[in-house]
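K.L.:
Chain E: place on chain D using the hints.
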Amino acid sequence: MNTTWQDLRYALRMLARTPGFTVVAVLTLALGIGANTAIFTVVNALLLKPLPYANPERLVMVWQDFRARGGPADEWASPGNYVDWSREKSLFDDAAAIGGWRPTLTGGAEPEPIPGEQVTHEYFDVLGITPVLGRTFRAEDDVPNAARVAIIGDGLWKRRFGGDRSIVGRSVTLSGEPHEIVGVLPPRFRPIVASQTGEIWRPLRINTVTPSRGAIVYRVVARLKDGLPIDRAQEAAAVLAKQLEATHPEYNEKVGFILEPLHDRVVGDIRPGLLALLGAVAFVLLIACANLANLLLARGSSRSRELAVRLALGAARARVIRQLLTESILLAVLGGVGGVLLGVWAVDALVSIAPASAPRVGEIGLDETVFGFAALVTLLTGLLFGLAPAIQSARADVTHALKDGARGSVAASGRAMRRGLIVAEVALALVLLSGGGLLLQTFLRLQAADLGFDPRNVLVGFVNPPRVTYDTGAKHAAFYDQVYEKAKALPGVQKAALVSVLPLGGDSDTNFQIEGRPAAPSAAEAPVTWYRQVTASYFDTMGMPIRRGRGFETRESAPSVVVNESMAKKFFSGEEALGRRLRFSPELPWFTIIGIVGDAKVRGAREAARIETFVPYWQMPEPGINVVLKSAGNPALLTSALKQAVASLDPNVPVQSITTLDAIVGESIEQPKFFAMLAAGFSILALVLAAIGIYGVMAYVVAQRTTEIGVRMALGATQGEVFRLIVGDGLKLTAIGVALGAAGSILVARWLTSLLFGVTPGDPKTLTATALVLLLVAAAACFIPARRATRVDPMVALRAE
Amino acid sequence: MSFFKSSQPVRQPDVLTSEAAVAPHALIAFRNIEKSYAHGTSRTYVLRRINVDIKDGEFVSIMGPSGAGKSTLLHIIGMHDSAWTGEYYFLDQPVHKLAAKDRARLHKQHIGFVFQSYHLLDHLTVYENLDIPLSYRDIKKGERESLVGDILDKFSIVGKKDLYPNQLSGGQQQLVAVARAVISSPKVILADEPTGNLHSSQGREIMELFKKLNESGTTIIQVTHSEANAAYGSRVINLRDGWIVDE
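Listed in order, the protein sequences are those of chains D and E.
For what it's worth, the working numbering labels the leading residue of the first sequence as 25, then goes sequentially.
For what it's worth, the working numbering labels the leading residue of the second sequence as 638, then goes sequentially.
Bound-form chain E, shown alone:
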């Protein structure tokens, strides 16, 4: 792995637009994905010709310097961002062709998010924070209670269910955030610098948690600056100036 080997891309895609080129068993397939912003007559590229396949059950780390396009890539995978070109297949479904409503359904059904700043909702208790994703998935109240109870138990945070985020340590908050991400049983968890705001010991705990989740079948894609965190995963994608420079 070498981040700064070249300022130019070292590998150009040889498959450009063929749907048939999607790898078998790929959970996520990007074909020639590009994102750019227009500035008058010029154009600034954030991502260039991204071609990547991520299989079900992988633990992938996206790395690169600030401004390389890591988070942008993560948000495109997470379907928050729809202003890009190219082809994106998620479970063989062409996301690039889907209407916003169908994308939202796909995202809701299969993707969980973990953020660097946890982003728990301040005025909701731990229990209510965990209930939020379920409430957006039309799950009945009884089932939701059971799911939240299970996850509280699984993450050993039953005793904290009535506390508000500001009553928890950073590590505990991120633990809840991870619990919130997995409560709707997503196929993939996207984590944006999940340990960025944590002490190293707390960070390790979270990464161990991701590892366990991955071992139990959940695909993990994280953006990280940390080699140590990347080591928990099985694969690293390096970005620089919007290009994949190494994998």
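Pulled out of the complex, with its shape left as it was, chain D reads as follows:
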């Protein structure tokens, strides 16, 4: 203990004696540890922390697997399948169905759309949530014609009701219908579907006796039976799927069931990107460690006489190593403290730029796990950059070092290690740079991608008249007519349109049959198309070109559809699609194809165009429609005018989710943007650290080689030749690092495949460009030491003997 204290005191004194070295070392470490702390904080909150539910590891989402029918693996559930699943008590303790709900709360200054969920009464029990006031739903709430009840979230309770504790029992009007508030949820409750903003819940009333099996409308969350491992549960679900396929072949043919851990669902596709960032900051820290190790080697070299004296005085080598390690760990601790402070700031910055779609952002914060991580990283860092130089320094030949203290025996023996460290940090920097380059290119290509529609200068807003008053399709259509007429007459509006579902705004698909072709033997075999109800002006407003035929007339009366190119190609290859007729169900009329419109990437640039059909909204009206306004200037300026126009038609119908189409497109690529920006930032940090490392080593090399340079000049070397010697030496090391880094980049980039778009993992252009950048930076880093070398006065250098 005594000697440890002595080591520590001595280490402090050494660091204080060399403030320049100490500041550079602590800053380098703080950057490395800070970056790691910040990214780990995010990873911890998003990936590692358990979800805020009771025993969250047993919660699963239950999906219908439609892959065998050419559909997705995570299709929603039909009410019939949900009912069958929820009865499977050998598999689930409980299962709850969830449907979307966005009621309009009236009674305040203006109607407010509230994001929420409709859920079966099991929902809160499945999640293990207890309300802070009142109760959760009961079985009797789910019965058709039961009294309308609702549960509100903490945010809504405090915002609209001032946290009134007597709220339970009060009636509120939601989309024109009175609902009794029966409970208030705790502040940190996180809904399953309306994950970021959900604030209100009401019972989902499913007919459990003769449930519908054709409509696929609900998501299902379930709690696995206690003690049942997920793989066994999945096997049991497969057996159940076969049973239901046999019982309901018309709906369940080729439909499997998939159990997905809720945590995986919540984390979604952000995991690979976050893990890539964690890898990136680990690389940054390794580069920082390499720099530090090099600094310590250089210092060890200049301290060789001191160490030799210690050894000559009887110190064991282990004792000297311990002394040196104490210094490096002390440095690491100082860097770690700086890193955590930097990390706190960086976490705030990360949260502020995190994509809106990122899950669990509200849970990001420093906790004991993060501090433990930072402490561990600090300790490992101290050992990593300190151990090799300490061993190297303590290995010095005492006799030689004492005789040749000025130049130091460590100088020669540490040379290979120093050069090796530079090669390693260049290689790491190249891996980071090329990875960052790939992600940046991905983002730029996504941003520049042609989506098949023109999102510029377009304002959109959702209008959803309450079904209580607008209880028929005709009433909806009539209201939409008025909205459209008002909207297109607004000053500043160039074009206006209505559409049931916006691009990048969700799904709406249906089976269909082509006239003259045999009907599919079952639903499983029937072709599927996405469909949107639109105004005649939709294609023009969205900049979607009609390739053949025509668009809709303003009041097209004959049942008509426009299909996209993908649909025409897939179903009418080699035939004339125009004039052919489609039917969406036996109850509906045949719709004639009157036009073929260009494909639009409605799920974003990464996904291929879907099979799409467009129908005039007045021929198939549905609740809820989006208003699309194209303006000459800034479309956001139309916001209040649009609100007023709709309010003038019905003050109880708010315009929800008003935004620009550009913003929606921007949001769809927020995640790649986030990853690209951070990866680029870390790449630049790596580049700067590598440049500092190369500079430091080359400056040290020049100092060590002063005599040699003097000799070379005395033997006839010109300044240019000396300059080339030093720069060439630095570039040779860089080139070796680049070669190793290129191989590493190709290996590492494979892990990035799922994050890339429009660029391949081993993209030679990216690799070449980043390698050139690195070589240029290395050449620049060598420039000053090389210039210094050319100024070596051979007379002075040789006199030093």
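Think of the hints as simulated: they come from the structure by calculation, not from any bench.
Just to be clear, a hint being listed does not mean it is correct.
[As the list claims (entries may be wrong)] If you anchor each label on the Cβ, the simulated ranges turn out as follows:
no., chain 1, residue 1, chain 2, residue 2, range
1, D, 748, E, 783, 39 to 45 Å
2, D, 399, E, 676, 54 to 60 Å
3, E, 775, D, 705, 46 to 52 Å
4, D, 377, E, 775, 53 to 59 Å
5, E, 775, D, 820, 38 to 44 Å
6, E, 872, D, 815, 43 to 49 Å
7, D, 705, E, 703, 33 to 39 Å
8, D, 341, E, 848, 22 to 28 Å
[Stated by the list, open to error] Among chain E residues calculated to face chain D with C-beta under 8 Å, some are:
no., residue
9, 718
10, 744
11, 745
[Claimed, not checked] Keeping only pairs whose Cα atoms sit at most 20 Å apart, straight-line, the calculated DMTMM-like set for lysine to aspartate or glutamate is:
no., chain 1, residue 1, chain 2, residue 2
12, E, 738, D, 745
13, D, 73, D, 372
14, E, 738, D, 817
15, D, 594, D, 505
16, E, 777, D, 745
17, D, 113, D, 277
18, E, 745, E, 790
19, E, 745, D, 817
20, E, 777, E, 759
21, E, 738, E, 775
22, D, 249, D, 372
23, E, 778, D, 745
24, D, 594, D, 539
25, E, 745, D, 745
26, D, 278, D, 149
Every value quoted in this text rests on a predicted model; they were computed, and no experiment measured them.
Quick reminder that beta carbons are idealized off the backbone N, C-alpha and C, glycines included.
P.N.:
Then chain E, alone, in the frame of chain D:
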């Protein structure tokens, strides 16, 4: 020869700045060469009014106590040092008027160096050390190989060509250093205490080598403290406090 006869210069130059005063056949001619360092308002002189001619084929020893300016003089002759005043003619070319590039060319073409600490490059083999001066003279690889082969043979060090300096004795290292100095066939070899780090027998071998080189036409200028080494030469220049005190 008397080093400590007087603290004052015994001979003042009578020719100061005339280019016409350069002696015929002088390989090296110094006229009124001075080197000094400024310290605030005062100035410390390292060399004062040096006037000396060295003819082609001479073997000159520069002697004097430590700090007399011997090595400085040698480095000025070797054109490493350009911060001096006066006139310096090398093969009738006015070095004092030459641009740095031309000086470097002149130095490269005609001057070889031998150092007290040998200064072989540690990470290069004997062969590579010998190749270094040639590589700075734009000589093609084939010719360089032939020249290095010749010199290895001439100095009987063929068997050591792949060894590194730390695998050689001091004498052997200095032998290689001399070989390195002569490989580019300089007109003059400048040697700064060439035997200072050697045993006497090794020192004698090196001095014999210089003598042979001199006999074959190479001008040798050495800085030495040793009367015995100076005896190998034909002329001694004594320096004291920057002045030539005796010749």
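K.L.:
Each hint should be assessed against the structure and marked as holding or not.
P.N.:
Status of the hints after comparison with the structure:
| no. | hint | verdict |
| --- | --- | --- |
| 1 | 748/D / 783/E: 39 to 45 Å | 25 Å, violated |
| 2 | 399/D / 676/E: 54 to 60 Å | 56 Å, holds |
| 3 | 775/E / 705/D: 46 to 52 Å | 48 Å, holds |
| 4 | 377/D / 775/E: 53 to 59 Å | 58 Å, holds |
| 5 | 775/E / 820/D: 38 to 44 Å | 27 Å, violated |
| 6 | 872/E / 815/D: 43 to 49 Å | 35 Å, violated |
| 7 | 705/D / 703/E: 33 to 39 Å | 59 Å, violated |
| 8 | 341/D / 848/E: 22 to 28 Å | 51 Å, violated |
| 9 | 718 | 5 Å, holds |
| 10 | 744 | 7 Å, holds |
| 11 | 745 | 4 Å, holds |
| 12 | 738/E / 745/D | 13 Å, holds |
| 13 | 73/D / 372/D | 19 Å, holds |
| 14 | 738/E / 817/D | 15 Å, holds |
| 15 | 594/D / 505/D | 34 Å, violated |
| 16 | 777/E / 745/D | 16 Å, holds |
| 17 | 113/D / 277/D | 23 Å, violated |
| 18 | 745/E / 790/E | 23 Å, violated |
| 19 | 745/E / 817/D | 16 Å, holds |
| 20 | 777/E / 759/E | 24 Å, violated |
| 21 | 738/E / 775/E | 15 Å, holds |
| 22 | 249/D / 372/D | 40 Å, violated |
| 23 | 778/E / 745/D | 17 Å, holds |
| 24 | 594/D / 539/D | 15 Å, holds |
| 25 | 745/E / 745/D | 13 Å, holds |
| 26 | 278/D / 149/D | 32 Å, violated |
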